[in-house]
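Let the hints inform the model, and build the full structure from the sequences given.
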Amino acid sequence: MSSSTDVREQRPGQGDPTAANTDPTRGIADPGPLGLAAFALTTFVLSLFNAGIAPENLEPLVVPLALFYGGLAQLLAGLWEFRKANTFGATAFVSYGAFWLAFAVYFQFIEPELLSKGIPESSITTATGIFLIGWAVFTLYMLLASLRTTAAQIAVFVTLFLTFLLLAIGDLTGVDGIATVGGILGLISALCAWYASAAVVTNTTWGRTVLPVGPRS
Numbered sequence: 015m016s017s018s019t020d021v022r023e024q025r026p027g028q029g030d031p032t033a034a035n036t037d038p039t040r041g042i043a044d045p046g047p048l049g050l051a052a053f054a055l056t057t058f059v060l061s062l063f064n065a066g067i068a069p070e071n072l073e074p075l076v077v078p079l080a081l082f083y084g085g086l087a088q089l090l091a092g093l094w095e096f097r098k099a100n101t102f103g104a105t106a107f108v109s110y111g112a113f114w115l116a117f118a119v120y121f122q123f124i125e126p127e128l129l130s131k132g133i134p135e136s137s138i139t140t141a142t143g144i145f146l147i148g149w150a151v152f153t154l155y156m157l158l159a160s161l162r163t164t165a166a167q168i169a170v171f172v173t174l175f176l177t178f179l180l181l182a183i184g185d186l187t188g189v190d191g192i193a194t195v196g197g198i199l200g201l202i203s204a205l206c207a208w209y210a211s212a213a214v215v216t217n218t219t220w221g222r223t224v225l226p227v228g229p230r231s
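Note that the sequence shown covers residues 15 to 231 in this note's numbering.
No lab work stands behind these hints: they were computed from the structure. Heads up, some of the hints might be wrong.
[To be verified] Derived CB-CB ranges, DEER-like:
1. P38 <-> F123: 36 to 44 angstroms
2. E73 <-> P38: 40 to 48 angstroms
3. R222 <-> L128: 17 to 25 angstroms
4. S109 <-> G228: 21 to 29 angstroms
5. V151 <-> A43: 31 to 39 angstroms
6. V151 <-> V77: 22 to 30 angstroms
7. G148 <-> R40: 43 to 51 angstroms
8. W220 <-> G148: 36 to 44 angstroms
9. A112 <-> P134: 23 to 31 angstroms
10. G221 <-> P74: 22 to 30 angstroms
11. E127 <-> G221: 50 to 58 angstroms
12. T219 <-> T101: 36 to 44 angstroms
Cβ atoms here follow ideal geometry from the backbone N, Cα and C, with glycine treated the same way.
What follows is the structure, encoded as structure tokens:
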């Protein structure tokens, strides 16, 4: 998702040796590592609960992360990707930033309100499954687009798609074991995103490839 590794749209003047001197985004830092790190940390923490590793009663810990890091920070990274003319990164970061903001509102306000109105927990779980199915569809076509980026980013989208899919199936069928596997895949997706973020930061800082991200397809 980072602008240094993603496919970019052809822009006027690209290929012109003088274009770098007139590029208005030339002095803007790569927002990709921030977006990836924000996605990774929030996904990692939530996945600890989905995988049954962390105690369920501590799950509200995810809400502030979803609001301010996975949500706000990732949303801002996506807006800067628009400025950098990176359609792929902008679409991914703004969308997943909005996902975390929506998740925080749903978890903190909507779900408790539905429970207070006496709606069965099974119906609420079904609603959650429908919500996740929509994100699985979005992630699937982002996965297809990522096939033209790097191996590190492809790994993020493969594992994230499977995470959304299995969590959705687990909620829709009521089979906790499926959701648990989805949580484990979420942990793997978070680790892949952390690696992709660390690679861009480290390689940029060192001025050479220290952490390889794999070739473009």
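Hint check results:
1. P38 <-> F123: 36 to 44 angstroms: holds (41 angstroms)
2. E73 <-> P38: 40 to 48 angstroms: holds (44 angstroms)
3. R222 <-> L128: 17 to 25 angstroms: violated (53 angstroms)
4. S109 <-> G228: 21 to 29 angstroms: holds (23 angstroms)
5. V151 <-> A43: 31 to 39 angstroms: holds (32 angstroms)
6. V151 <-> V77: 22 to 30 angstroms: Check passed, 25 angstroms falls within 22 to 30 angstroms.
7. G148 <-> R40: 43 to 51 angstroms: violated (37 angstroms)
8. W220 <-> G148: 36 to 44 angstroms: The hinted range 36 to 44 angstroms holds for W220 and G148, with Cβ atoms some 40 angstroms apart.
9. A112 <-> P134: 23 to 31 angstroms: Holds, at about 28 angstroms.
10. G221 <-> P74: 22 to 30 angstroms: This hint is violated: roughly 42 angstroms between Cβ atoms.
11. E127 <-> G221: 50 to 58 angstroms: holds (53 angstroms)
12. T219 <-> T101: 36 to 44 angstroms: violated (26 angstroms)
Figure legend: structure checked against the earlier numbered hints; hints not met, in rising order: 3, 7, 10 and 12.
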